[in-house]
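Undergrad: One-letter residues, chain by chain:
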Amino acid sequence: MRMNMGTKSFKKVLLLASALLMGCAGQSFNKKIETGDADLLSEESLMRYNTNRLEKLDGNEKDFISKALLACHQKKIAKGLELLEVEMHKNKTNPFYWNALGTCYSLSKDFTKALFYYDLGVEALPMIKDRNKVIAEATIANNIGLIHLNFKRHTEAYDSFKRASTLLPEFFTPQFNIAQLYIEFNENDKALEILKKLELKNPDDIDLLYSLSLIYFRKNDLENSFAAIKRVKADYLNRPDIVGLYAYNLMKKNRLVEAREIIEKRLYAEEYNQRNKILLEEINHKIKEQSKTTKQN
Amino acid sequence: MIKTLLLTLTFSSGLYATEPAIDPAVESAEKWSKLMGLVNKEIQTIKSNNYSGPELKHRLFELYSEKIKLIKEKENLNLLKADPKSVAANGKDSFFKSSREQYMTAQKFALGLMADYPKYERTSEIYYAMAINSRDFGTGHDTEQFLKLSIKFSKENSKTMYNAKTALAEYYYNNKKYHDAISYYNDVLKTNNDEWYGKHLYNASWCYLKERNFKKALDLIKESFETTKNKKFVSMREQINSAIGIFFVQADATREGIDFFEKNMSPASPSLLLLAQSSMNKNNFSLTEEVLKAALKDTHKRKDAVGEMKVRLAQLDIYRESKQDNLYFETSNHILELSKKNKLDQDDISQAMNKIKVVAGFMQINLVKDKTREEVQYSKEDYKKIMRYFDILSVLDKKNKNQYRYYQGETALSTHDYQTAMKYYVRAVMNSKLIKDNGEITRKSLDSLLSTIELAKLKQAREDEYTIFAFKNFVIIYPVSDKSQTIYQKLFNKYFELHQTKKALNVLLVYRKNYRQDTVIHREMLTQVLDSYIKEKKTDKLAYWISKIEKGYLSFNPDYIQNSIAILGGLLFDKYQAMEKLGNYKEAMKGYESIYDSKQYPKRTKAEAAYAIATLYQEQNKAKESYKWLKKSLELYDNKDLLKITPSVLVLAKGYRLLQNFELSSELANHISKRFCDVTFIEKDSFYELALSNSTIEDTETVKLLKLEDEYKSCKLDKKFVEKTQMDNFERLILNDKMSEVRAYFQAHSDNDKLARQMGRYLKYKFWQAPPSMKEKMKAEINAMNDAIPGLNLKGNFDQYDRVMEFRTKVQTQKFEFSVMPKFDDEKFNSEMEQYFSIINELNKEAISLSKDSTPQEILLIREVLSMPYYSLVDSINTYVPQGVDSKYLEGFKQGMRQITESLTAKGLQVDKEKMAYLQKNNFFFEVQKHDKFSESRSSSRDISSKKADELRETLNFHSAIIFSNTLDLIRGQRK
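Just so you know, the protein sequences line up as chains V and S, in that order.
Each residue of the first sequence is one higher than the one before, counting from 651 in our numbering.
Each residue of the second sequence is one higher than the one before, counting from 13 in our numbering.
Do not rely on the hints blindly, as some may be mistaken.
[Unchecked claim] No farther apart than 25 Å at their CA atoms in a straight line, the calculated lysine-lysine pairs in the DSS-like style are these: (1) S:K211 / S:K171; (2) V:K712 / S:K634; (3) S:K666 / V:K759; (4) V:K903 / V:K927.
Bear in mind the hints are in silico, worked out from the structure with no lab data behind them.
Construct the complete structure from the given sequences, taking the supplied hints into account.
TA: Here it is in structure tokens:
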């Protein structure tokens with residue numbers, strides 16, 4: 651009995667630690683989106699819901715699976731798991747149930763368990779039919795893809811996203827994930843092809859605009875790169891990744907002071923800070939050179 | 013001192029205790045001796061005085077006569093005391109020798125005396141005395157003669173004459189010479205001075221009666237009766253009372269007799285009965301009936317029940333003799349009533365019983381003449397009477413009541429009235445039970461009852477009732493007998509047939525007690541009972557008996573016991589399973605808990621109950637509660653039974669991890685695996701597999717996994733299976749992608765070839781996943797591991813890679829520098845240009861050749877650098893400025909070179925495109941891990957001011973797949 655208690659406490663501590671770690675990461679880089687209008691995936695994924703948006707959902711969710719997922723995305727992993735635990739037997743053959751359980755474990759970084767429960771979801775697929783089966787299969791495939799991605803098994807990740815996307819072509823998330831994978835591997839044209847289509851669905855999505863800007867940046871098409879990043883809502887321009895690309899674009903537009911001001915505004919997590927520091931040095935260098943030239947002239 | 017006192021006390025008590033009572037025998041003997049002494053003394057006195065003269069001799073004769081009397085008296089005593097055998101052997105006469113001798117002496121002496129003194133005046137007295145001696149001590153032959161001589165020698169009206177005549181009358185009376193007697197009585201009765209006058213009258217009356225002079229006889233006896241009123245005479249009342257009835261009857265004066273008795277007797281009834289008897293002897297029933305009525309009247313008047321009973325008894329005799337059946341029946345009923353209301357003489361009751369019994373028995377025998385006829389004929393009236401007689405007898409003779417009921421049954425049976433017969437047999441048996449009689453009548457009653465049941469053709473229910481009664485009482489009264497064994501079985505079957513299981517079971521218990529050797533039959537019987545309990549779902553009773561047979565009762569087959577336990581469990585659980593189906597889990601669990609808590613159920617059933625609770629808790633998603641009960645269940649289950657449910661236990665174990673509780677799942681899997689380590693059972697592998705897979709999912713720590721594997725090494729698991737699980741575990745560790753854990757597990761199982769191959773693949777994967785800067789280090793590690801474990805099959809694995817890397821170095825370090833001369837040498841420049849084109853062609857050829865034996869990753873490495881010489885040559889051409897030429901030539905040279913560089917750049921781009929096409933074509937795009945360029949730049953300390961703009965762009969490396977990828981959580985349209 652003590653063992654059990656101990657294990658439970660230990661598990662709680664782990665979950666709490668995970669939540670704290672994620673919280674820390676969030677301080678340096680919060681990729682959350684505050685409003686639905688800037689979130690292309692707002693009807694498919696809770697991943698980019700910020701605290702306020704999640705809180706707004708809290709209480710409105712009617713089914714326990716949504717409640718559990720909401721709790722887990724709110725970092726209330728224990729609560730989410732408990733909500734699911736008490737409904738297990740009724741939902742043994744429900745792939746959505748196992749998907750939710752897998753996602754909660756995935757969000758708590760327990761990927762082995764996450765995969766175990768996703769696999770149960772796959773096993774349960776023959777128990778449902780038609781559209782639901784397609785949605786379930788696609789959902790699980792997408793989420794398994796994220797785990798592969800975590801372990802840098804990119805081919806498996808790609809296959810999973812591709813399967814999800816093929817099953818549910820009208821869903822944006824798998825396509826968006828594939829696009830990100832393409833970007834990761836410098837397959838900018840392929841990514842662009844996907845993202846352009848998604849842009850038509852929601853031209854204000856923050857990450858979509860950033861990704862477009864990034865692709866154009868890589869293609870050395872600074873006009874389009876700047877056009878894309880310019881459309882990012884002002885509130886999100888401070889994001890460490892966005893701010894770098896935005897500043898670079900400003901620099902290229904020779905709007906050096908603007909570029910410097912925006913990048914100097916805040917400090918970021920070391921990873922992004924390092925990059926932005928390099929950029930800042932370049933901007934400053936250019937300002938100096940301009941100043942010299944002006945003086946010479 | 014004390015001793016003396018005790019002795020004194022003892023002595024004193026002895027004195028009191030031993031003081032003799034006066035013994036009559038001793039006293040009598042003393043008296044006899046004294047008398048004999050006196051007689052002898054007087055004889056001696058007379059003899060010693062030289063007796064002479066008839067008077068003294070007469071006295072001496074009297075003394076001799078007295079002495080005969082005394083001797084005879086003693087001889088009689090001796091005879092009484094004597095051993096009957098010696099009396100028989102010696103004869104009675106041998107005891108009386110002395111008295112006879114003395115008699116002879118006395119008589120001889122008397123005859124001598126009278127011969128000596130012929131004129132002796134008291135001769136009549138001597139003859140009278142000789143007559144009396146002859147009568148009392150002699151043969152009696154001389155008595156009449158001596159009496160007659162006495163009369164002859166007596167003086168008229170003398171006392172001796174009277175005595176002699178009286179004695180002679182009596183002599184004749186006694187010798188039935190009534191006529192002679194009458195002549196002497198006539199003389200004797202002339203005087204009434206004799207106190208025995210009444211007696212003489214009485215004797216004389218008898219003499220007349222015998223001489224058929226009934227009137228005279230009646231007169232004399234009545235006169236004799238009158239003397240009884242006078243105290244002067246010795247009363248003959250008793251004799252008269254008993255005899256006078258005859259006199260009245262013979263004298264045809266019966267009614268006078270009634271009056272006489274009513275007037276003179278109180279109570280009159282005894283005498284009236286004698287009168288009646290006498291009357292009956294004369295065959296005059298009507299007069300006899302009158303007498304009897306008078307007798308009854310007398311008893312009624314005096315309220316003398318005992319007396320009435322005697323009258324009734326007389327009535328019975330007389331009525332039977334007179335064949336007055338109705339009166340006999342009536343009287344019997346009166347007797348019954350009398351006995352009910354009064355306390356009667358037991359002898360009289362016995363007499364009445366015997367009399368009635370004889371009549372009833374006789375009537376019963378004769379009731380049905382032809383018993384062989386199908387339709388028997390008999391007198392209904394007689395039938396009723398017989399039944400009544402037995403009723404009466406059953407009251408009078410209560411202790412034999414069962415007997416009379418049996419007789420009644422037999423009577424009814426003889427008339428083919430089976431139902432009545434059975435009723436009486438039942439009553440007979442009931443009475444036998446009351447008096448605890450297991451004798452012949454009881455047995456006959458039961459036997460008759462059983463045989464009559466078959467004849468009676470009753471309705472089934474009634475027949476069953478009788479059958480059960482007969483069987484039940486048979487075994488109660490005869491627990492062990494020639495027929496009891498069979499009857500126990502029949503009774504059991506009957507009860508069982510009637511669904512009276514409890515009673516059937518009781519029969520079995522008694523049967524078992526009395527016939528322990530019939531175990532096989534007992535077992536069959538109990539089996540029937542248990543089957544009925546099962547059918548009727550009487551779980552409590554079933555549980556009770558199962559717990560008994562489990563302990564060895566009736567030596568049941570173990571399979572049967574186990575099967576019964578299973579059925580009991582099934583029955584007990586049926587109810588609660590029904591609740592479960594209705595979703596009433598709480599109640600169902602309460603039910604199972606009550607089974608678990610109960611002391612009466614077998615261990616296995618309790619184990620099953622706890623197991624059911626565990627299952628239910630799991631179904632309610634309560635893993636911990638479920639396991640708590642499961643542990644209780646596992647403690648109770650014996651191994652044999654537990655093995656039977658291992659498939660279900662496996663489901664539970666898997667269920668715990670579905671409830672996210674891998675710890676309990678593992679604990680259960682380990683418990684079963686260890687408990688049955690030495691046993692082979694179907695799910696053995698699955699439990700082992702579960703325990704291990706849980707460990708890899710829950711802990712992902714190789715140390716724990718290996719420890720677990722070690723624990724099962726002695727469990728006789730199939731080697732191939734174990735190797736398969738190693739592979740599964742290994743793959744799970746690989747999936748978790750912790751190199752140190754994977755390596756540790758592999759090293760522990762380096763003998764597993766499949767693992768080695770998988771490890772080889774994993775190492776290659778990790779090698780290619782590693783950034784270029786780490787690749788050499790990794791290569792060295794892998795080679796070292798391969799040397800240690802050749803099974804990895806990685807020998808020469810990096811040979812091609814090394815060649816590729818060598819090629820890459822060659823390509824990357826390829827310089828295209830044109831010679832700078834003071835005066836531009838057109839030919840030399842063209843020659844160098846051709847040489848460089850040739851180098852690029854050679855590199856391309858080498859790349860093609862190298863690619864043939866390369867992996868995709870290696871091909872990519874080749875193709876990655878293959879465009880570099882083109883761009884490098886373009887750079888060299890672009891930076892080359894011919895010296896010593898004019899501006900016009902220079903302009904023309906630049907234009908010419910632009911065409912070349914454009915062509916080279918296009919070629920470079922084409923090579924790049926071919927690279928991508930190749931990867932896509934081989935579905936290998938993401939296998940080739942692109943290293944993080946940003947991390948490289950992060951470690952560099954290059955001065956960015958000297959970098960070109962595109963270099964900066966590359967350095968900044970804005971990209972991320974992981975952080976922008978998203979879960980799919982929602983169904984579109986579900987949320988707005």
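Undergrad: Which numbered hints does this structure break?
TA: Going through the list in order, the structure violates no hint and respects every one.
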